[in-house]
Amino acid sequence: MNLFKSFQMAISNIWARKVRSLLTMLGIIIGVVAVIVIVGLGNGLEKYMVDSFKSMGTDLLTVNVVGRGSARTVSTEEMYELVDDYPEYLTSVSPQVPLGGKVKIGNEALSYTSVTGTGEDFMIMKKFSLESGRYIRYVDIDRRNNVAVVGAYINNEWFRGEALGKTLRINGQLFEIIGVLNAETDEIEEGGGDDAIYIPYSVAAKSAGVRNISSYVFGIANEDLVKESKQIIDDKLYDVFGDQDAYRIISLTELLSMMSSMVDIMITILAAIAGISLVVGGIGIMNIMLVSVSERTREIGIRKALGAKRHHILQQFVIEAATTSAIGGLIGIGLGYALSDLASKIIVVALEEEIVVAASTSAALGAFAISAFIGILFGYLPARKAARLNPIDALRYE
Amino acid sequence: MKPLIEFRDLSKIYQMGETEVRAVDGMSMQIMPGEFVAIVGQSGSGKSTCMNIIGCLDVPTSGNYFLGGQDVGELDDDELAEIRNKMVGFIFQQYNLLPKLSVLGNVELPLLYAGLSKSERVEQATKVITKVGLADKINNLPSQLSGGQQQRVSVARALAGNPSVILADEPTGALDSKTGKEVLELLTKLHSEGNTVVLITHDNDIAGQAQRIIRLEDGHIIFNGTPDQEVTHI
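Chains as they are written, first to last, in our numbering: chain A, 1 to 398; chain D, 399 to 632.
Just so you know, these hints were derived from the structure itself, not from any lab. Treat the numbers as computed from the prediction; the structure is a model and nothing was measured. Think of the CB as a built atom: it goes at the ideal place given N, C-alpha and C, for glycine as much as any other residue. Take the hints with a grain of salt, since some may be wrong.
[What the hints assert, rightly or not] 20 angstroms max Cα-Cα, derived EDC-like pairs, lysine to aspartate or glutamate: (1) A:K385 <-> D:E518; (2) A:K309 <-> D:D476; (3) A:K5 <-> D:E404; (4) D:K484 <-> D:E518.
[Claimed, not checked] Here are some, though not all, of the chain A residues that point toward chain D, as calculated from beta-carbon distances under 10 angstroms: (5) S12; (6) P87; (7) E187; (8) G191; (9) T253; (10) R298; (11) G301; (12) A305; (13) L306; (14) K309; (15) R310; (16) H312; (17) R384; (18) R388; (19) L395.
Please take these sequences and the hints and turn them into a complete structure.
If you want it as structure tokens, here you go:
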């Protein structure tokens with residue numbers, strides 16, 4: 001008796017008891033759906049994280065100098081020299097000087113606008129683009145010109161899109177707007193990334209009364225050189241301070257990989273929990289197969305009397321269990337994909353974030369393989385019981 | 399000629415709690431190929447045990463059972479299954495057809511386990527179904543047939559594998575006298591075509607149809623001869 005015949009018999013037995021078969025499959029279906037959706041959600045979350053980090057710049061290193069309270073310090077010139085010394089690793093550098101203070105346009109005060117003093121390369125490093133005008137140049141920094149580049153929010157909301165050439169006041173000083181940036185974020189809102197003003201770092205440092213700039217952004221030649229580049233800066237700063245606590249070098253790439261692995265761990269744990277329902281589903285299958293063996297005791301007796309060997313009966317019941325489970329797995333995969341789509345739509349509506357629940361083929365195949373395996377595993381015990389029935393007892397069974 | 403079936407001092411003992419039940423007690427007998435033998439006895443006489451052992455559904459506790467010259471007592475579960483498949487055709491009192499399979503599907507079963515291909519199975523099954531006169535019901539389910547027709551399906555199933563012995567256990571027990579007679583005539587016909595038929599029954603009238611009667615009581619043979627001899631014997 002070949003496998004195909006056993007499979008045919010299994011299908012007809014499953015079909016003959018439709019409701020029961022469906023209920024038996026339910027555990028497997030739920031388990032497979034849960035695994036697919038959870039893994040899909042994890043993939044979506046990870047992609048979302050990578051995308052948002054990428055937009056912040058994974059090819060950048062941020063350096064914060066805390067200092068040691070002593071006279072030792074690192075100058076802006078020294079930081080620029082690093083770029084000159086290691087051009088194959090570090091492509092650019094810009095100081096970052098956050099400037100707290102009042103921004104006024106005419107008589108109106110802007111309370112959420114961020115003001116940052118930067119170098120001339122800052123725009124390129126951050127991948128900003130100009131809508132009109134120009135960005136801050138070396139000459140502006142050198143001469144401490146009171147010039148400003150404004151974000152799309154300020155341009156749109158305060159100047160009706162015609163900010164170029166107008167003026168605004170920061171801490172009472174008048175600044176000329178020499179450039180307007182394109183929108184950075186999807187939603188241009190107050191306090192967001194587009195509600196920003198960039199001025200020369202030299203001007204910002206003077207205005208803030210800062211002598212030594214403590215925050216820098218470095219551009220890296222490429223993302224694979226994060227580690228080496230970080231080491232170069234680290235060596236330099238350690239030389240100056242002799243203390244690793246005096247400064248901090250933050251790489252988004254490292255942060256990202258750390259967060260990714262955290263998400264991975266979380267998803268693995270959730271998927272494992274969902275996987276438990278596959279086992280529960282398997283036990284359901286075992287239970288029904290045991291009932292089925294009892295109900296079909298007489299049939300088994302007849303088959304054995306007619307010459308069925310143990311392996312024939314074993315094969316028949318194992319294949320029936322595996323088929324039940326595998327059909328459940330297939331239904332689960334279908335539902336899993338459908339539910340992933342639905343979940344993506346719900347997330348967009350409910351959270352206003354584009355997290356796509358991406359059901360992966362590997363998760364689907366894995367879930368299917370596991371469900372078929374569970375069918376075989378949990379079908380084996382009842383099948384063995386059936387195969388070992390004594391034909392005389394089985395024939396007498398009413 | 400060698401006997402097809404031979405019991406040599408064969409016993410079957412069942413352990414019922416504390417007590418031993420000697421269902422068959424030191425029995426010896428032979429059945430030759432082509433014979434039509436009825437094993438007769440009241441319930442508890444040991445005839446069911448005899449039938450189980452002849453049909454290789456059970457093995458003796460002691461003594462030997464030779465089927466076609468082979469000692470069956472030494473075989474394991476799967477070897478017994480193979481012997482049943484190749485050498486024994488069962489006809490049961492309750493027909494024991496599988497309700498979800500068609501007439502063809504039921505008759506095919508022994509051939510399926512014998513490993514025949516689909517086309518061979520259909521050919522051979524169709525032949526025996528035609529022989530018992532049910533060619534027009536070949537795709538019907540057992541539930542769509544009368545009792546007599548169902549028993550004829552089980553006769554066809556017994557014949558399908560071309561076995562050495564046809565073993566009929568109270569084949570008319572569930573039938574009315576008219577259809578019972580028809581089934582008996584079918585068995586007689588099979589015998590006349592050269593088949594070995596062993597009939598297990600409690601009914602003396604039915605046993606009278608056989609060539610030879612083996613009468614059992616308490617696990618012993620109390621008579622072994624032709625029906626005529628038995629009448630004079632009593």
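Residue hint A:L306, partner chain D, criterion CB-CB below 10 angstroms: 5 angstroms, holds
Restraint check, 10 angstroms cut-off on beta carbons, for A:P87 near chain D: Hint on A:P87: violated, closest Cβ of chain D at ~77 angstroms, above 10 angstroms.
Chain D contact restraint for A:S12 - C-beta distance below 10 angstroms: 7 angstroms, holds
Agreement of A:K5 and D:E404 with the hint, judged by alpha carbon distance not exceeding 20 angstroms: 37 angstroms, violated
Hint validity - A:H312 Cβ closer than 10 angstroms to any chain D Cβ: Status holds, d = 6 angstroms.
Status of the hint placing A:G301 at chain D (closest C-beta pair under 10 angstroms): With a minimum Cβ separation of about 8 angstroms from chain D (threshold 10 angstroms), the hint on A:G301 holds.
Straight-line alpha-carbon gap A:K309 to D:D476, limit 20 angstroms: Holds. A:K309 to D:D476 sits at ~5 angstroms (cutoff 20 angstroms).
A:E187 as an interface hint toward chain D, with CB separation required under 10 angstroms: 64 angstroms, violated
Agreement of hint A:R384 with chain D interface, Cβ distance less than 10 angstroms: Violated: closest Cβ of chain D sits about 13 angstroms from A:R384, beyond 10 angstroms.
A:G191 as an interface hint toward chain D, with CB separation required under 10 angstroms: 72 angstroms, violated
Given hint D:E518 paired with D:K484 - CA-CA distance at most 20 angstroms: Holds, because 16 angstroms separates the two Cα atoms, which is no more than 20 angstroms.
Hint status (Cβ of A:R310 to nearest Cβ of chain D, threshold 10 angstroms): 6 angstroms, holds
Of the numbered hints listed earlier, those contradicted by the structure are 1, 3, 6, 7, 8, 9, 17.
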